Every structure is written in C-alpha cells, then in structure tokens.
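K.L.:
Here is how the chains run, residue by residue.
Protein chains: 2
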Amino acid sequence: MEEWNQSANLALDIGGTLIKMVYFSSTDNCSADSQENRSLEESNDISDDLEICLIGKGRLHFVKFETTNINDCLDFISSNQLSTHVHVKATGGGAFKFADLFMERLGLNLDKVDEMDCLVAGANFLLKAINQEAFTYMNGHKKYLQIDHNDMYPYLLVNIGSGVSMIKVEGDEKFERVSGTSVGGGTFWGLGKLLTNCKSSSFDELLKLSQEGNNRVIDMLVGDIYGGLDYSKIGLSSTTIASSFGKAISENKELEDYRPEDVARSLLRMISNNIGQISYLNALRFGLKRIFFGGFFIRGHEFTMDTISVAVDFWSKGEAKAMFLRHEGFLGALGAYTSYQKKNSGELISHQLIEQLPNGVQCTGDDQCRGLPADPKS
Amino acid sequence: MEEWNQSANLALDIGGTLIKMVYFSSTDNCSADSQENRSLEESNDISDDLEICLIGKGRLHFVKFETTNINDCLDFISSNQLSTHVHVKATGGGAFKFADLFMERLGLNLDKVDEMDCLVAGANFLLKAINQEAFTYMNGHKKYLQIDHNDMYPYLLVNIGSGVSMIKVEGDEKFERVSGTSVGGGTFWGLGKLLTNCKSSSFDELLKLSQEGNNRVIDMLVGDIYGGLDYSKIGLSSTTIASSFGKAISENKELEDYRPEDVARSLLRMISNNIGQISYLNALRFGLKRIFFGGFFIRGHEFTMDTISVAVDFWSKGEAKAMFLRHEGFLGALGAYTSYQKKNSGELISHQLIEQLPNGVQCTGDDQCRGLPADPKS
Numbered sequence: 001m002e003e004w005n006q007s008a009n010l011a012l013d014i015g016g017t018l019i020k021m022v023y024f025s026s027t028d029n030c031s032a033d034s035q036e037n038r039s040l041e042e043s044n045d046i047s048d049d050l051e052i053c054l055i056g057k058g059r060l061h062f063v064k065f066e067t068t069n070i071n072d073c074l075d076f077i078s079s080n081q082l083s084t085h086v087h088v089k090a091t092g093g094g095a096f097k098f099a100d101l102f103m104e105r106l107g108l109n110l111d112k113v114d115e116m117d118c119l120v121a122g123a124n125f126l127l128k129a130i131n132q133e134a135f136t137y138m139n140g141h142k143k144y145l146q147i148d149h150n151d152m153y154p155y156l157l158v159n160i161g162s163g164v165s166m167i168k169v170e171g172d173e174k175f176e177r178v179s180g181t182s183v184g185g186g187t188f189w190g191l192g193k194l195l196t197n198c199k200s201s202s203f204d205e206l207l208k209l210s211q212e213g214n215n216r217v218i219d220m221l222v223g224d225i226y227g228g229l230d231y232s233k234i235g236l237s238s239t240t241i242a243s244s245f246g247k248a249i250s251e252n253k254e255l256e257d258y259r260p261e262d263v264a265r266s267l268l269r270m271i272s273n274n275i276g277q278i279s280y281l282n283a284l285r286f287g288l289k290r291i292f293f294g295g296f297f298i299r300g301h302e303f304t305m306d307t308i309s310v311a312v313d314f315w316s317k318g319e320a321k322a323m324f325l326r327h328e329g330f331l332g333a334l335g336a337y338t339s340y341q342k343k344n345s346g347e348l349i350s351h352q353l354i355e356q357l358p359n360g361v362q363c364t365g366d367d368q369c370r371g372l373p374a375d376p377k378s
Numbered sequence: 001m002e003e004w005n006q007s008a009n010l011a012l013d014i015g016g017t018l019i020k021m022v023y024f025s026s027t028d029n030c031s032a033d034s035q036e037n038r039s040l041e042e043s044n045d046i047s048d049d050l051e052i053c054l055i056g057k058g059r060l061h062f063v064k065f066e067t068t069n070i071n072d073c074l075d076f077i078s079s080n081q082l083s084t085h086v087h088v089k090a091t092g093g094g095a096f097k098f099a100d101l102f103m104e105r106l107g108l109n110l111d112k113v114d115e116m117d118c119l120v121a122g123a124n125f126l127l128k129a130i131n132q133e134a135f136t137y138m139n140g141h142k143k144y145l146q147i148d149h150n151d152m153y154p155y156l157l158v159n160i161g162s163g164v165s166m167i168k169v170e171g172d173e174k175f176e177r178v179s180g181t182s183v184g185g186g187t188f189w190g191l192g193k194l195l196t197n198c199k200s201s202s203f204d205e206l207l208k209l210s211q212e213g214n215n216r217v218i219d220m221l222v223g224d225i226y227g228g229l230d231y232s233k234i235g236l237s238s239t240t241i242a243s244s245f246g247k248a249i250s251e252n253k254e255l256e257d258y259r260p261e262d263v264a265r266s267l268l269r270m271i272s273n274n275i276g277q278i279s280y281l282n283a284l285r286f287g288l289k290r291i292f293f294g295g296f297f298i299r300g301h302e303f304t305m306d307t308i309s310v311a312v313d314f315w316s317k318g319e320a321k322a323m324f325l326r327h328e329g330f331l332g333a334l335g336a337y338t339s340y341q342k343k344n345s346g347e348l349i350s351h352q353l354i355e356q357l358p359n360g361v362q363c364t365g366d367d368q369c370r371g372l373p374a375d376p377k378s
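As you go down the protein sequences, you meet chains A and B in turn. Numbering of the first sequence is given in the numbering used here, commencing with residue 1 and proceeding in unit increments. Numbering of the second sequence is given in the numbering used here, commencing with residue 1 and proceeding in unit increments.
Please keep in mind that the hints were generated in silico from the structure rather than gathered at the bench. Note that the coordinates shown come from a computational prediction; the quantities given were computed from them, not determined experimentally. Treat the hints with caution; some may be incorrect.
Simulated crosslink set (DSSO-like; lysine-lysine; CA at most 27 Å straight-line) [as the list claims (entries may be wrong)]:
#  : chain 1 : residue 1 : chain 2 : residue 2
1  : A       : 289       : A       : 321
2  : B       : 128       : B       : 174
3  : A       : 174       : B       : 317
4  : A       : 253       : B       : 97
5  : B       : 143       : B       : 317
6  : A       : 321       : A       : 174
7  : A       : 233       : B       : 112
8  : A       : 128       : A       : 112
9  : A       : 317       : A       : 289
10 : A       : 174       : B       : 233
11 : B       : 321       : B       : 289
12 : B       : 253       : A       : 208
13 : A       : 128       : A       : 57
14 : B       : 289       : B       : 143
15 : A       : 317       : A       : 143
16 : B       : 142       : B       : 289
17 : B       : 289       : A       : 289
18 : A       : 233       : B       : 97
19 : A       : 233       : A       : 321
20 : B       : 253       : A       : 253
21 : B       : 142       : B       : 321
22 : B       : 142       : B       : 317
23 : A       : 208       : A       : 253
24 : B       : 97        : B       : 112
25 : A       : 143       : A       : 289
26 : A       : 317       : A       : 233
27 : B       : 321       : B       : 128
28 : A       : 174       : A       : 112
29 : A       : 233       : B       : 174
30 : B       : 317       : A       : 289
31 : B       : 233       : A       : 112
32 : B       : 233       : B       : 321
33 : A       : 174       : A       : 128
34 : B       : 208       : A       : 253
35 : B       : 321       : B       : 143
36 : B       : 289       : A       : 317
37 : A       : 317       : B       : 174
Sequences are here, hints too, so could you generate the full structure?
P.N.:
Here's what the structure looks like:
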C-alpha cells in the first residue's frame with residue numbers, strides 16, 4: 001500500500017466568502033496531552049472539535065478565514081511554517097483569483113483542483129473513513145448514522161456555501177452537478193447584514209440572533225390570510241408560511257421597527273426551506289433517497305438543520321431524508337487534501353484513520369489514543 | 001344553451017395582499033363611445049386595458065385593491081351599486097376572513113369558492129375564450145400564442161400571489177396542487193419595502209426602481225469568486241449569479257450606502273429566478289412542457305418575465321417554455337365569476353365572447369365593436 005504523504009501538509013478551499021484550510025501536524029500525535037503541547041498559534045478559527053487523527057502520524061486540523069481577510073490566512077501559513085513544499089493543492093474560485101498573491105507573498109504555487117471533484121472526494125472520504133460522521137436531525141434529536149460502505153451510492157450532495165451546488169454522486173469519481181441555487185449562505189449573511197444593519201455582524205452573530213427570533217412577526221402565514229383557519233383542502237395548516245416577509249407589506253413599520261432577531265429568523269427559515277425544497281426536487285428527479293447537506297452555511301445550527309429536515313420530509317412526504325455531516329464546511333478542503341495522493345486516496349487514508357466517538361474525540365479500535373477510553377461508557 | 005346570468009355581476013378574490021374584483025356592466029356594451037359614457041366612478045385601480053366584452057350583453061371589468069384598504073373595496077361596491085344580489089362569489093382566504101365584514105357593511109353573503117378551483121377555472125377560461133391571451137417573452141420580444149383547445153392539457157399553472165402555488169392541470173376540473181413556495185410576490189414587496197426603507201413604496205414603485213438597478217453591485221457573480229473567469233467545466237459563465245446578495249458580506253457598506261434601485265433589482269432577480277427554477281423542476285416531475293405563469297407579481301413587467309423565461313430555459317436546457325397571461329392577476333376572480341354558472345361555464349361564456357386584439361381592444365369576428373377596426377392594420 002502506498003505510504004501517506006507526510007510532506008503534503010496543507011490544502012485550501014478558497015470560496016467567495018470563506019477560506020477553508022486543512023493542515024497536517026505530525027508533532028501533535030493523537031495523544032490527549034498533546035493538546036497542551038500544541039506548538040501552533042492559537043486561533044478562534046481553529047475548529048478543535050473537528051480534528052482527525054491519522055494513526056501514528058499526526059492530526060488533520062481545520063481552520064477557516066474570511067476571504068476578505070485573506071492576509072490572515074497568509075500570515076497563519078507563514079507564522080506556523082505550514083508550507084514545507086512549493087506546491088499547495090487548492091480548490092474554489094480563489095485558487096484562480098489569488099494564485100498570484102500566494103506566489104508573491106509566500107512563494108507558493110497553488111495547484112488548482114476542480115471544486116466539484118473536491119466536494120465529492122471530501123464527502124466520500126468522510127463517509128467512508130470517519131465513524132459517526134453523518135447524522136439526521138429532527139425535532140431537536142440528533143441521530144448518528146451507520147454508513148454501509150457497500151450501499152453508500154447514489155446520493156445527492158448539497159453543498160451550501162455562498163451559493164449552493166447540488167451534485168448527484170454515484171461512485172468514487174462518478175458524479176454530476178445537476179443543479180444549484182444562488183440563494184445560499186451568502187444570501188443569508190449578505191441580506192442579513194443589510195437587514196439588521198449590523199456593520200460588524202458575523203455569520204455566527206446572525207445565527208445567534210435568529211435563534212431568539214420569531215418568524216411569525218414578519219412572515220405571512222396561511223392563518224393570516226384565512227382568518228386563523230387552515231387551508232386544509234390542500235393540506236396547509238394555519239401556521240404554514242404563505243409568504244416569507246409578506247407581513248411587512250401591510251404594516252406601517254420601517255425596518256428599524258422590527259427586532260433584528262425576528263428578521264434574521266424569517267430570513268434563515270426562508271433560505272433553509274428553499275434549499276430543502278430544491279434539494280428534494282432534485283433528489284426526486286434521480287430517484288435519490290439520501291441527501292447529504294454540507295457547506296459552511298449549516299454550522300451545526302439546530303434551527304437550520306431542523307428547517308431543512310422538515311422541508312425535505314414535508315415535500316417528500318417522508319420518502320427522502322436529510323442528513324448532515326460533522327465536517328460539513330470542509331468537504332472541498334478535505335477533497336483537495338486527499339488529491340495529493342493517487343486515485344482512491346480516500347480509501348488509503350481511511351485505513352490509517354481511527355474511530356471517532358460521539359463527543360468528537362477520535363480513537364482507534366485498538367485504543368491508540370492514549371488517555372482516552374475507547375468506549376465512552378468505560 | 002343556458003343563458004348568461006346577468007344578475008351575477010360581481011366576484012372577488014381576496015388574497016393576503018390584494019383584492020381582485022371582476023364585475024359586469026351591461027350599460028357599457030362593447031361600443032367605442034361607451035368609454036365616454038361610463039357611469040362608474042373612475043379609479044386608478046381599474047384596469048381598462050383588460051376589459052372583456054360579452055357580445056350584446058356588456059363588459060367584464062377588472063379592479064384591484066390592497067387588502068389592508070378593504071374599505072375602499074366596500075365603498076367601491078356600494079357607490080357603484082355593484083351588489084344587486086345578496087350572494088357574491090368570493091375566493092381566497094379573505095372570503096373567510098372578511099365574511100362578517102361584508103355582511104355587516106353591505107349585507108352581502110360571500111359564497112366561498114375554493115381558491116385552487118378558481119385559479120384553474122380562470123386560467124382555462126382565459127386560454128379557451130380569449131384570443132391572444134397567452135404569450136412568451138424572451139430577450140425583449142413578446143410573442144402571442146395560438147392555443148389549440150384540443151391540445152391544451154396538461155400544463156403547469158404557477159400562480160404568483162403573495163405566495164406561490166403550482167398546479168398540474170390536466171383538464172377542465174382535473175387538477176392537483178403539486179407544489180408551491182413562500183418566496184413570492186409578498187416577499188418581493190415585503191423585503192423590498194424593508195430594504196429600500198420607503199414606507200409608502202408600492203409594488204409598482206419597487207418594480208420601477210428595479211428597472212433602473214444593476215444587480216451586479218450586490219450579487220456575488222461566478223467571476224467575482226473566480227477572479228473574472230468562467231467556471232466553464234460546469235457551464236457557469238463569469239456573469240452567472242453565484243450568491244444573491246453575497247457581495248454585501250464583504251463590503252464595508254450599510255444598507256443606506258446601496259442604491260435602492262440595485263437592491264430592488266437583485267431582489268427581483270433572486271425571486272423570479274427561484275420561482276422559475278422550482279416551476280421547472282415541478283414541470284419536469286410530471287413531464288409538462290408548458291408552464292403558464294399568472295398572479296399579480298408579474299404585472300406584465302418585462303424584466304420579471306425575462307428572468308422567469310431565462311430560468312426555465314436555462315434549467316430545462318430549452319425543453320420547457322414559460323408562458324404568460326394577459327389577465328395574469330385575475331385568474332382567481334375570473335374563476336369565481338364563472339362559478340355562478342353551472343359546470344363548464346367557461347365553455348358557455350366563451351361562446352359569448354369576442355376576439356381580443358393585440359392592443360387590448362376586443363372585437364368580434366363580425367366586427368361588433370363599432371368604431372374599432374377588426375384588423376389593427378386597417
């Protein structure tokens with residue numbers, strides 16, 4: 001079997017809004033106490049809970065930056081000496097847009113890898129290699145899924161970045177981008193920023209606002225039109241949203257008269273619902289029962305996942321299922337990382353991976369993660 | 001053949017945002033000079049160009065009011081003595097919500113007719129009875145369609161009101177509401193009002209704003225992500241919208257720093273595109289090649305029709321066609337009106353109708369509209 005390429009320590013997915021980075025550190029070798037000895041500069045953008053352990057080799061780390069703050073990304077690479085090689089695998093539009101910048105500033109050559117190739121490679125890698133990667137979310141209940149590697153395909157991969165791509169995946173490198181929508185994470189963030197007038201509002205702040213909001217303040221419900229009644233003949237209850245933001249028409253209120261929480265809630269609901277519906281319609285076209293949602297829009301946010309799940313369930317009358325991925329935001333970056341190796345690299349890496357427990361700590365079957373129990377109950 | 005019920009002179013479609021009214025006047029009997037002798041109070045909301053002539057009987061008129069100004073509607077009925085009977089056919093949620101109000105104020109009993117029944121009856125009536133009712137719109141070019149009454153079905157009817165209903169129509173009373181979306185006309189108006197901070201802005205003012213806007217100011221295009229390049233591998237040109245409103249994330253601008261024209265344009269584009277896409281996906285499900293768009297959202301607005309047409313064409317790779325209806329906003333009200341008569345009333349009325357010329361003037365084949373040429377070129 002081919003050896004894991006230790007020199008390949010960095011891959012990038014440079015999107016319209018976010019830069020996602022996967023990097024490898026061999027000094028941080030899957031031991032519990034290594035957390036304390038971490039040599040890397042601390043950053044709020046490092047997603048510690050997502051780290052993946054490569055047995056006897058080291059760890060994969062996940063970091064994100066805003067694309068507008070690309071200098072932070074360059075500084076991070078430079079100060080942590082992540083670029084031991086001249087060539088770095090990179091995907092996303094930014095691999096083209098910022099190629100010169102990486103060369104000028106760091107002397108790095110961005111090896112461009114196709115965006116869709118990377119998304120699919122990343123998703124397949126995660127589904128095959130990481131235990132308890134995928135889960136369903138419904139009514140506040142998260143349920144981890146056992147993926148049967150012999151019965152993984154076909155599925156619909158919906159990657160919700162700034163925009164949304166929908167990809168029919170039929171095998172390791174067998175896939176087709178079948179649809180997409182421009183109403184995605186960039187719409188939530190962009191419109192949300194304008195509507196809440198928070199110049200500095202981050203995506204996560206917007207999500208937090210939405211958590212405390214009530215969409216019925218601005219959305220026009222079926223009951224608002226039907227005098228509190230259901231429109232039962234076509235199966236619409238009085239609480240179904242008839243028109244997103246429709247109540248704003250008739251109320252003598254300006255934007256500032258609405259609570260930002262309520263506005264953010266309506267917006268998130270509108271976008272999540274819309275993505276769920278278009279995803280379902282595309283899954284239906286190709287007879288796909290499984291829909292995996294990835295991309296940085298979701299952020300493990302419960303209301304988002306719940307809305308998407310309900311939308312898929314509602315439109316499919318329970319026939320299709322929305323599933324989510326723990327490493328949702330890093331599909332492209334992981335795919336770029338696996339591209340350092342030859343074909344079927346996902347298979348290769350997966351043999352070197354250890355199991356991942358529900359609490360996000362990774363362990364091997366033979367308990368290589370010293371200090372950590374292999375069985376969470378022990 | 002059953003006689004036309006002259007006493008049935010009023011029907012209403014009371015939606016979440018607008019009240020649509022069809023009324024009959026026998027004094028205004030299809031002659032050119034009758035325009036001058038009109039006994040009815042003038043109103044900006046009367047759509048003169050949509051009037052339909054019933055041979056030797058009179059005319060059908062079309063009026064709209066905002067649902068919040070329902071008193072204007074009640075006053076209009078009262079001052080024009082439109083309610084010669086105690087029972088008035090009414091559809092839409094407002095037929096339930098405002099039933100008591102109509103009884104109290106005018107002593108009128110609203111006979112509730114199902115909303116979907118009315119939309120379909122209205123569309124079928126128009127397609128069968130009115131010449132040059134349906135048209136396509138693409139690249140600034142309007143093309144009237146000759147509808148073959150023997151080959152009308154099946155089609156997808158997309159009614160864009162406050163929300164959107166999508167109905168598979170297979171025959172006179174054979175139909176099913178197969179989908180819908182809450183992202184509709186109410187969303188454009190509601191969100192548009194909030195985003196442009198125009199307290200008094202009407203729907204038409206928003207449409208007008210959008211006409212003068214440039215969506216590329218706020219939308220994130222593929223080229224913005226790919227450094228000006230296409231993402232040609234998956235068929236996305238650099239000018240394709242990757243993320244609606246996505247540019248607002250990274251720019252240090254508040255809402256007031258954007259031109260309302262540009263904001264309105266992006267919003268209209270996002271919503272029209274989304275409706276076009278979901279419509280196409282539903283047409284595809286049922287193998288429907290023809291999609292008729294109705295509802296007051298469209299307003300004959302060229303950019304809206306163009307966006308919807310392009311979306312349907314793009315997603316269907318030219319397989320499906322978006323078609324529009326001259327009386328788009330009055331499908332439900334017309335359907336309620338035809339329900340005064342027994343089944344297949346559309347057929348009945350259609351025998352009493354005269355042809356409609358491209359300029360909106362109606363004429364019979366035997367030139368009953370005195371003073372108006374049957375041939376626009378003569």
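K.L.:
If a hint holds in the structure, say so; if it does not, say that too.
P.N.:
Hint check results:
For the suggested pair residue 289 (chain A) and residue 321 (chain A), the alpha carbons sit about 6 Å apart, so the restraint of at most 27 Å is met. Proximity of residue 128 (chain B) to residue 174 (chain B) is assessed by CA-CA distance (about 16 Å); at most 27 Å being required, the pair is judged to hold. A threshold of 27 Å between alpha carbons decides the hint, and for residue 174 (chain A) with residue 317 (chain B) the separation of about 22 Å falls inside it, so the pair holds. Using a Cα cut-off of 27 Å, the hinted pair residue 253 (chain A) and residue 97 (chain B) holds, with the two alpha carbons roughly 23 Å apart.
With a C-alpha separation of about 20 Å, the suggested pair residue 143 (chain B) and residue 317 (chain B) falls inside the 27 Å cut-off, and the hint holds. Between residue 321 (chain A) and residue 174 (chain A) the alpha-carbon distance is near 22 Å, which keeps this suggested pair within the 27 Å criterion. Between residue 233 (chain A) and residue 112 (chain B) the CA atoms are separated by roughly 13 Å; this keeps the pair inside 27 Å, and the hint holds. Only pairs whose Cα atoms come within 27 Å are accepted, and residue 128 (chain A) paired with residue 112 (chain A) is accepted, the gap being roughly 25 Å.
Taking the CA atoms of residue 317 (chain A) and residue 289 (chain A), the gap is near 12 Å; set against the 27 Å cutoff, the hint holds. Our distance criterion of 27 Å between C-alpha atoms is met by residue 174 (chain A) and residue 233 (chain B), whose separation comes to about 15 Å. Proposed proximity of residue 321 (chain B) and residue 289 (chain B) is supported: the alpha carbons are some 6 Å apart, at most 27 Å. For the given pair, residue 253 (chain B) sits about 22 Å from residue 208 (chain A) by alpha-carbon distance, which is consistent with the 27 Å threshold.
For the suggested pair residue 128 (chain A) and residue 57 (chain A), the alpha carbons sit about 19 Å apart, so the restraint of at most 27 Å is met. Restraint check for residue 289 (chain B) and residue 143 (chain B): satisfied, since their Cα atoms lie roughly 17 Å apart, inside the 27 Å limit. Taken as a hint, the residue 317 (chain A) and residue 143 (chain A) pair is honoured in the structure, with Cα atoms around 20 Å apart against an allowance of 27 Å. Among the hinted pairs, residue 142 (chain B) with residue 289 (chain B) is consistent with the structure: their alpha-carbon atoms are about 19 Å apart, no more than 27 Å.
Taken as a hint, the residue 289 (chain B) and residue 289 (chain A) pair is honoured in the structure, with Cα atoms around 26 Å apart against an allowance of 27 Å. For the hint pairing residue 233 (chain A) with residue 97 (chain B), the CA-to-CA distance comes to about 17 Å; that is within 27 Å, so the pair holds. As the CA atoms of residue 233 (chain A) and residue 321 (chain A) are separated by approximately 26 Å, the hinted pair is consistent with the 27 Å bound. Restraint check for residue 253 (chain B) and residue 253 (chain A): satisfied, since their Cα atoms lie roughly 23 Å apart, inside the 27 Å limit.
Taking the CA atoms of residue 142 (chain B) and residue 321 (chain B), the gap is near 13 Å; set against the 27 Å cutoff, the hint holds. Proposed proximity of residue 142 (chain B) and residue 317 (chain B) is supported: the alpha carbons are some 20 Å apart, at most 27 Å. As the CA atoms of residue 208 (chain A) and residue 253 (chain A) are separated by approximately 24 Å, the hinted pair is consistent with the 27 Å bound. Taking the CA atoms of residue 97 (chain B) and residue 112 (chain B), the gap is about 11 Å. The hint holds against a cut of 27 Å.
Taking the CA atoms of residue 143 (chain A) and residue 289 (chain A), the gap is near 17 Å; set against the 27 Å cutoff, the hint holds. At most 27 Å may separate the alpha-carbon atoms for a hinted pair to count; residue 317 (chain A) and residue 233 (chain A) meet this at roughly 16 Å. Taking the CA atoms of residue 321 (chain B) and residue 128 (chain B), the gap is about 19 Å. The hint holds against a cut of 27 Å. Among the hinted pairs, residue 174 (chain A) with residue 112 (chain A) is consistent with the structure: their alpha-carbon atoms are about 20 Å apart, no more than 27 Å.
Annotation: proposed proximity of residue 233 (chain A) to residue 174 (chain B) holds, straight-line Cα distance about 15 Å (limit 27 Å). Simply put, residue 317 (chain B) and residue 289 (chain A) have alpha-carbon atoms about 25 Å apart, close enough for the 27 Å limit, and the pair holds. Straight-line distance between C-alpha atoms of residue 233 (chain B) and residue 112 (chain A) comes to about 13 Å, which keeps the hinted pair within the 27 Å bound. Restraint check: the Cα-Cα separation between residue 233 (chain B) and residue 321 (chain B) comes to about 26 Å, which is no more than 27 Å; the hinted pair holds.
The suggested pairing of residue 174 (chain A) with residue 128 (chain A) holds, with an alpha-carbon distance near 16 Å, which does not exceed 27 Å. For the suggested pair residue 208 (chain B) and residue 253 (chain A), the alpha carbons sit about 22 Å apart, so the restraint of at most 27 Å is met. At roughly 12 Å between alpha-carbon atoms, residue 321 (chain B) and residue 143 (chain B) fall within 27 Å of each other, so this suggested pair holds. For the proposed pair residue 289 (chain B) and residue 317 (chain A), the alpha carbon gap of about 25 Å is at most 27 Å, so the pair holds.
For the suggested pair residue 317 (chain A) and residue 174 (chain B), the alpha carbons sit about 22 Å apart, so the restraint of at most 27 Å is met.
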